[in-house]
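J.: As you go down the protein sequences, you meet chains A and B in turn. Going by our numbering, 82 is the number at position 82 of the first sequence; the sequence numbering is gapless. Going from the second sequence to our numbering is simple: count from 1 and add 1000.
Don't read these hints as lab results, they were simulated from the structure. Do not rely on the hints blindly, as some may be mistaken.
[Said to hold, decoys possible] With a straight-line cut-off of 20 Å between C-alpha atoms, the simulated SDA-like cross-links for lysine to any residue are:
1) A:73 <-> B:1289
2) A:439 <-> A:509
3) A:439 <-> B:1289
4) B:1137 <-> B:1097
5) A:170 <-> B:1292
6) A:170 <-> A:232
7) A:439 <-> A:510
8) A:73 <-> A:478
9) A:73 <-> B:1272
10) A:47 <-> A:428
11) A:199 <-> A:572
12) A:439 <-> A:331
Small disclaimer: the values here were computed from a predicted structure and weren't measured.
What follows is each chain in one-letter form.
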Amino acid sequence: MSIEQTVNANVKPQTFSDGSPMLASTWSDAPGFWGWLTTIDHKRIGKRYIATAFVFFVLGGLLALAMRTQLIKPENGLMGPDRYNQLFSMHGTSMMFLFAVPIMEAVAVYIVPLMVGTRNIAFPRLNAFSYWVYLFGGVMIWIAFAMNVGPEAGWFSYVPLASSDFSPGKRTDFWAQMITFTEVSALAIAVELVATILKTRAPGMTLARMPLFVWSMLVTSFMVIFAMPAVMLSSSFLIADRLVGTHFYNAAEGGDALLWQHLFWFFGHPEVYIIFLPALGMVSSIVETFSRRPIFARTAMTLALIATGFFAFGLWVHHMFATGLPALGNSFYTAASMVIAIPSGVQIFAWIATIGSGRPYFATPLLFVFGFFAIFVLGGLTGVMLASVPLDLQVHDTYFVVAHFHYVLIGGAVFPLFGAFYYWFPKFTGRMLDETLGKWNFWLFFVGFNVTFFPMHYLGLIGMPRRVYTYPTGLGWDIWNLIATLGGYVIGVSVLIFIVNVVRSLRNGALAGDNPWHAPSLEWATSSPPPSYNFAAIPCVESAVPLWSSREELPALSGVREDRREILLTRATDAEPQITWGMPAPSIWPLVSSFAVTLLFIWSIFDSWGVIWGTLPLAVALTGWFWPRKDDRGLKSEKE
Amino acid sequence: MNALQSALAPAADQAQAIDGIWHLMLWICVPMYVLVLIGMAVVILRMRRVAPEFTPATPSDTQISRGLTLWVIVIVAGLIVLTLGSFFVDRRLIPGAQADVNIRITAQQWWWRVEYVSADASQRFMTANELHLPLGKTVHIDLMSGDVIHSFWVPNLSGKRDLIPGRTNTIELTPRQLGTFRGQCAEFCGLQHAKMAMLVFVDNENDFKAWWQRQVQARNELPSDVAKQGEQLFVSSTCAMCHTVRGTTAGSLAGPDLTHLASRHTLAAGALPLNAGSLAAWLADPQQQKPGTNMPTIDLEPDQLNALVAYLLSLK
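The following block holds chain A by itself, in its conformation from the complex:
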């Protein structure tokens, strides 16, 4: 094989974090603020992505607390309908588009390149661009909200309510353009992750040996690639209807209001799994490490992830059972929705069996996994109930559904995410999070969560619809709303404890060392936090749990050039080395391009000619980005 002429196999370095000065200088960023702006290091971008998404999580949570406070008693006058409708629209929008999807991708941006043993994410400039576009989109919608032009038609923006007839002004236009921002950034990351996972895995990391978190991100990224175009299409139609008078959704002119719902939920349902699958991957990582045995039924687990991703596209109509679609079609979507329970059940069994048959030890990440089991399974079972057309017709758009999807999304995604935070924080920062605060964080979250959301099941059954800014007394809803609100405050305290824990541990946390949990996957082979080049040499993998194999040290490949930003590409299936690939150097152009994109998107809200003239600065920025330059491939040795 030709690769053997450039790469000498099986040279063991002292450690994976101890690279040569040449390697360090090749991969390092420019110093100071300029370096901060131009960096394309997946770890720096991943960290700022995580921090930004977490800020949106806290903001969205504060909106939720304001809503719960309004609902603490019947006929409460804390806020009027206009304010309340904006609050729940922004809560859903922030949580779904600015927190849940981005933070899962953010963790992947940081962890996946380390887990597969490469030096940077594929298309690193696109990665930087994606972050800036996401940031500007999120900041735009929050500034709009602060200036009283935030969205008001819900995170789902059903037409005709969201049309210019019933939502005049610019509020919904900002919402629709925020979709464009976040979808561009999500699609960019999905492409990077697919390329990273399929082409840059460490030699020997065959698909069968790939960590389940990486598998979950591969499936998720493909889902993003197939699902996001539907919402971009639907929001573009909406923008066109609102701004240039097309009639895609106008029934009076031959359009169709239900077209929006089909397009939106064709994206919207997979979206739930786009949030949920990475969380499953996180759970698998945590369970494997803390059970101290390889995960039980790996193949079945992998197939479960793929099956979930596949089925996710076949059940969007279960959001539309009440719209009066043909009954036979609805029955198909009932069956399809129920089928999801099979892969989920397989995974739950496999995790519990893994812990039960391993030698588990307890730490906060595992605590969050147990919380995940208890909450998510309940949410999954109410999901089975909602799959049934007749039962859904009763509880659809009631607090039962609010309870269901918070059980699924908080239980199924946020609990694993917090667990993953406690698990990977040492890798991100080099320091451990405090275990005592961690347990407080968990128990307050767990109790607060159930106190908030469990009564909502009952509230929905006794008739309380969603999205109401107030309710009359005398329907038996008062006490349950009061309890739910109090539970909400407990969750708030728990998140506050988490923030305190992070701030304290960043300064005074115990030093972590390379692998504090004795975990099996490659991200733990290098130092915490990892050096700019991730690995001094490219690790070679001989099993699904490389750091647990009996050898003293991982075998490693050398021969990848150190005087330029070079990584090893391997074959998609069996990870045989194929070729080395020069990666681009840090650049300011992704940031400039994202400015140009932001200008175009916001301009088009106010003037449809913005779409035309806004392309000019973007063209300039992209020309700058792709202009061939000698040092683009970072050839230090040739320059010196």
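Chain B: place on chain A using the hints.
T.: Just chain B now, with coordinates in the frame of chain A:
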């Protein structure tokens, strides 16, 4: 438990059938959940406090694999039962060919226009925000929207059905219990989605017929001079631009038909109870009572307000 607006107190065939599937769900899902919790509890109880030093375990997984197969079989069996159950209950909700009573509801921001349909043109009438249904009869309601998407939902009677511009959906109800029930719009429809309710009265057949006979008539004789002044004001001012009172020149369909307003129990789609005080407050400043409502605020002198209140309350 309050049974005015509750899926757990079924009072019609349709809600009863759905209640059946709800209980089937509970009988299957609760044991499944308990099984998972038991599994978790066993694992946690067997866990010993051990140090994190690494000694990898390599247990034989043959036994557990059999457990997994069994588990999948249990899940699949449960899902088959639930899917079939849903399928058959769903078929029972589909409207049949014939109905004893036909009603047409057009939802508007934020109230319900109700038309009782009859082959005999003299027997048709319009009302708003309240339904009367005969006990034990089959009722078909055609559902339409005048603006955005709404959803018709009276949980004691059946599941919900959307009202979508450009489409007509039909829901069938067969009430089996006398009484009053409350329904509420269940699809977010803008500012006052929260205050878009309706009351449903299930009457015995005689009461129902008597009610219908009253509703088809024009407004009754006015009892007092004040009421007559009120009507004068009503037909000559902004009121008549949106509302109908049959028997007068006011005949606009933009707002609710008020011919028998005083026979109803609430104002503004359940936002207020119907009495002199709340009616006066509503007329004086609708935007205060239901911010965003399409009813405009009209400048009224106190005596004009009194006359209008007296007039409207006389429309029995």
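J.: For the pair we were handed, residue 439 (chain A) and residue 1289 (chain B), check the Cα-Cα distance against 20 Å.
T.: violated (48 Å)
J.: Taking 20 Å as the top limit, are the C-alpha atoms of residue 439 (chain A) and residue 509 (chain A) close enough?
T.: Given pair residue 439 (chain A), residue 509 (chain A) holds - Cα atoms ~16 Å apart, limit 20 Å.
J.: Between residue 170 (chain A) and residue 232 (chain A), is the straight-line Cα distance small enough, at 20 Å or below?
T.: Status holds; Cα separation ~19 Å.
J.: Verify the proposed pairing of residue 73 (chain A) with residue 1289 (chain B), using a straight-line Cα cut of 20 Å.
T.: The given pair, whose Cα atoms are some 18 Å apart, holds under the 20 Å limit.
J.: For the pair supplied as a hint, residue 1137 (chain B) and residue 1097 (chain B), is the alpha-carbon distance within the 20 Å limit?
T.: holds (14 Å)
J.: Taking only the CA atoms, is the gap from residue 47 (chain A) to residue 428 (chain A) under or equal to 20 Å?
T.: holds (8 Å)
J.: When you check the alpha-carbon spacing of residue 439 (chain A) and residue 331 (chain A), does it fall within 20 Å?
T.: violated (44 Å)
J.: Checking one constraint from the list: CA of residue 170 (chain A) to CA of residue 1292 (chain B), max 20 Å. Satisfied?
T.: holds (18 Å)
J.: Hint check: residue 199 (chain A) vs residue 572 (chain A), CA-CA at most 20 Å. Holds or violated?
T.: holds (5 Å)
J.: Please verify whether residue 439 (chain A) and residue 510 (chain A) have alpha carbons no more than 20 Å apart.
T.: holds (17 Å)
J.: Between the alpha carbons of residue 73 (chain A) and residue 1272 (chain B), is the straight-line distance 20 Å or under?
T.: holds (18 Å)
J.: Decide if the proposed pair is consistent with the structure: residue 73 (chain A) and residue 478 (chain A), CA atoms, cutoff 20 Å inclusive.
T.: holds (6 Å)
The earlier numbered hints that this structure contradicts are 3, 12.
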